[in-house]
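Novice: Letter by letter, the chains look like this.
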Amino acid sequence: MLPSPQPLGLIDPDGKRTAYRGHPLPPPEVLRELHRRMVIGRRFDRQAGALTRQGRLAVYPSSHGQEACQIGGVLALGPGDWLFPTYRDSVALLTRGIDPVEVLTLLRGSWHSGYDPYRYKTGPQCTPLATNALHAVGLADAARRRGDDVAVLVLMGDGATSEGDAHEAFNFAAVYGAPVVFLIQNNGWAISVPLEKQSKAPTLAHKAVGYGIPGRLVDGNDAAIVYAVVHDALEKARGGGGPTVVEAVTYRIEAHTNADDPTRYRDDEEVAAWRRRDPIDRMEAYLRGNGLIDDAALDGVRAEAEEVAAGVRERMRADDHVAPAELFAHVYAEQTPQLREQAALLAAELAADADVDQEVPA
Amino acid sequence: MIATMAAALNAALRDCLREDPSVIVFGEDVGPLGGVFRVTDGLAREFGEERCFDTPLAESGIVGTAVGMAMYGLRPVVEMQFDAFAYPAFEQIASHVAKMRNRTRGRVALPMVIRIPYGGGIGGVEHHCDSSEAYYTHTAGLRVVTPGTPADAYWMLRQAVASPDPVVFLEPKRRYWARGEVDPAVPGTPMDRAVVRREGTDVTLLAYGPMVQTALEAAEAAAEEGWSAEVIDLRSLSPFDDETVTASVRRTGRAVVVHEAQSFCGYGAEVAARVTERCFHHLHAPVLRVGGFDIPYPPPALEEHHLPGVDRILDAVARLQWEHA
Chain P
1 MLPSPQPLGL IDPDGKRTAY RGHPLPPPEV LRELHRRMVI GRRFDRQAGA
51 LTRQGRLAVY PSSHGQEACQ IGGVLALGPG DWLFPTYRDS VALLTRGIDP
101 VEVLTLLRGS WHSGYDPYRY KTGPQCTPLA TNALHAVGLA DAARRRGDDV
151 AVLVLMGDGA TSEGDAHEAF NFAAVYGAPV VFLIQNNGWA ISVPLEKQSK
201 APTLAHKAVG YGIPGRLVDG NDAAIVYAVV HDALEKARGG GGPTVVEAVT
251 YRIEAHTNAD DPTRYRDDEE VAAWRRRDPI DRMEAYLRGN GLIDDAALDG
301 VRAEAEEVAA GVRERMRADD HVAPAELFAH VYAEQTPQLR EQAALLAAEL
351 AADADVDQEV PA
Chain S
1 MIATMAAALN AALRDCLRED PSVIVFGEDV GPLGGVFRVT DGLAREFGEE
51 RCFDTPLAES GIVGTAVGMA MYGLRPVVEM QFDAFAYPAF EQIASHVAKM
101 RNRTRGRVAL PMVIRIPYGG GIGGVEHHCD SSEAYYTHTA GLRVVTPGTP
151 ADAYWMLRQA VASPDPVVFL EPKRRYWARG EVDPAVPGTP MDRAVVRREG
201 TDVTLLAYGP MVQTALEAAE AAAEEGWSAE VIDLRSLSPF DDETVTASVR
251 RTGRAVVVHE AQSFCGYGAE VAARVTERCF HHLHAPVLRV GGFDIPYPPP
301 ALEEHHLPGV DRILDAVARL QWEHA
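Top to bottom, those sequences are chains P and S. Just so you know, the first sequence maps onto residues 1 to 362 in UniProt numbering. Just so you know, the second sequence maps onto residues 1 to 325 in UniProt numbering.
Check before you lean on any hint, since a few could be wrong.
[Stated by the list, open to error] Cβ-to-Cβ under 8 Å is the rule here; a few derived chain S residues that face chain P:
| # | residue |
| --- | --- |
| 1 | GLU91 |
| 2 | SER95 |
| 3 | ALA109 |
| 4 | ILE122 |
| 5 | GLY123 |
| 6 | VAL125 |
| 7 | ALA162 |
| 8 | ASP165 |
| 9 | ASP242 |
[As the list claims (entries may be wrong)] Output of the computed footprint for chain S on chain P, the stretches with three or more beta carbons under 8 Å from beta carbons of chain S:
| # | region |
| --- | --- |
| 10 | 118-131 |
| 11 | 318-332 |
Honestly, the hints are just simulated from the structure, not real lab data. In this text, all values refer to a predicted model and were calculated from it rather than measured experimentally. The beta-carbon is built from N, C-alpha and C at its ideal position, and this holds for glycine as well.
Throw the hints in and build the complete structure from the sequences for me.
Specialist: The structure is reproduced here in structure tokens:
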């Protein structure tokens with residue numbers, strides 16, 4: 001049940017196969033797909049950053065550096081499985097197949113969530129930390145009660161493990177035997193607060209043991225091990241084996257969001273050291289070193305990433321106009337008399353504004 | 001049948017579980033024990049551990065997992081053991097239960113019921129007697145209802161379980177043992193409407209939950225003084241039935257809101273404001289609030305001084321007679 005003392009890894013930072021043999025290396029087509037998605041994800045992330053600087057997004061929490069966690073986790077999901085993401089998991093959502101513009105709806109500020117959770121079997125991006133872990137446990141347990149072949153992956157951060165809901169989620173999952181996998185992306189920082197001020201546990205994976213859940217500690221910049229361990233844990237969950245906590249040790253290369261200034265709390269050397277452990281570089285090195293990818297294929301992946309970015313850029317240029325009347329549309333199944341009154345009030349205000357606009361001389 | 005409110009709630013849950021296989025009931029001690037107030041008595045035995053079960057002792061966990069279950073198509077009915085023990089669940093209620101439909105532009109509904117015994121009058125020690133209704137009514141996206149009679153307890157809970165919206169169902173625990181006629185064959189008034197419990201012409205007493213009975217007693221006593229009091233049982237605290245309330249107050253010209261909760265920023269403040277805004281030209285006197293004092297809920301030895309009774313209501317009614325003095 002205890003995690004390994006050191007993070008498990010299949011591919012080391014130099015792109016070499018490690019000595020670890022506890023999980024088989026995923027087949028070449030999976031490795032190539034992990035790489036392809038990471039390249040696209042990184043490019044999307046950079047594009048979102050640019051859109052934020054242009055004022056097209058209200059805020060953007062970057063996934064840079066955490067691609068192996070998000071993509072390794074998402075690609076491990078089975079067809080009936082569900083995902084419960086947080087606000088930092090844009091790349092996970094993109095990898096889930098969600099329209100990139102719908103991924104960005106929340107951060108663009110046009111609505112609180114852009115995609116249909118049922119279409120993508122994906123909960124809305126969750127901002128209050130660890131609250132989504134309970135939703136994941138509940139959905140997983142509902143599926144278990146119905147006898148459905150469904151497991152759930154919930155994404156959390158290191159900071160989230162300090163929340164009471166993380167504790168309650170681990171405990172409920174264990175007691176119910178819920179088919180859920182908690183993937184903790186330990187990126188070292190909760191905005192400005194480092195992990196050592198967050199927890200005195202030997203590792204975050206160790207916390208699982210206190211609930212009777214197996215904990216797994218993995219190199220979060222090695223997409224192969226994240227995929228392999230999460231894949232195993234989901235399969236075990238679907239088979240009635242209960243929950244697993246996976247801690248993926250990674251690093252938040254960028255600021256918390258564009259509104260943050262990390263120079264106030266961390267050194268550039270620390271960031272530089274983690275850049276040398278980049279998840280894409282090492283996968284690329286492994287694929288090249290083992291003849292699993294050539295220059296033409298790499299160029300193809302990069303061109304595809306550019307295409308995705310260009311598409312996002314183009315589509316985000318258009319304003320996403322939401323009719324103000326929609327403010328009242330989804331509060332209850334049917335509008336209450338009070339909301340009907342207020343909708344009429346807003347409509348009158350808008351009509352008055354329109355009249356004033358017309359009176360302004362050209 | 002004549003039933004206590006607790007038995008009526010139990011019957012409602014039993015009928016919901018029988019009729020809809022997606023309904024599940026869970027919370028602390030709701031299984032073999034049948035709940036500390038016995039509202040879930042016998043349900044685990046009849047429907048099995050999969051449909052009515054005990055959870056770990058953690059309210060946020062109860063409500064948070066209910067969110068996921070409702071997303072998957074179940075209809076959870078969860079019990080918070082006491083009003084003040086529901087506070088750990090408040091984040092899940094305010095940030096997720098209330099907002100999921102809106103956040104997802106109507107794609108994800110959360111049909112679920114959060115049952116909360118509330119209010120005082122049972123000699124409960126600290127943290128067992130809060131009137132917490134205003135926390136929930138201030139949260140858009142929730143329906144907040146509270147029955148005042150056993151018949152309403154049965155029908156409103158049936159309607160709450162069937163509702164497409166999440167419902168905070170507040171149970172006046174001092175009335176759990178009050179008896180009344182319950183007819184499961186005669187559908188009740190829709191849960192979002194107020195009802196006139198007693199007709200009158202001089203003043204409207206606006207009450208809900210535990211205070212409905214007290215207001216009726218006050219109206220009886222007022223009649224002896226020559227004042228004809230109409231008593232409205234609000235039933236749905238959110239949304240609010242302006243239509244029924246406004247019609248009554250425009251007729252009587254006077255209104256008193258009665259609740260156990262502290263008056264400051266209490267539910268009665270909203271009612272008084274709404275009534276004033278809509279009935280100002282019909283009012284002979286300001287709308288008054290009768291409530292508990294603005295203090296933390298007192299220990300059992302002193303609670304009788306805190307809770308509004310017939311006398312405090314009658315004093316308020318007397319203050320409304322000023323234009324005839």
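Novice: Of the hints given before, which are not true for this structure?
Specialist: 4, 5, 6 and 7
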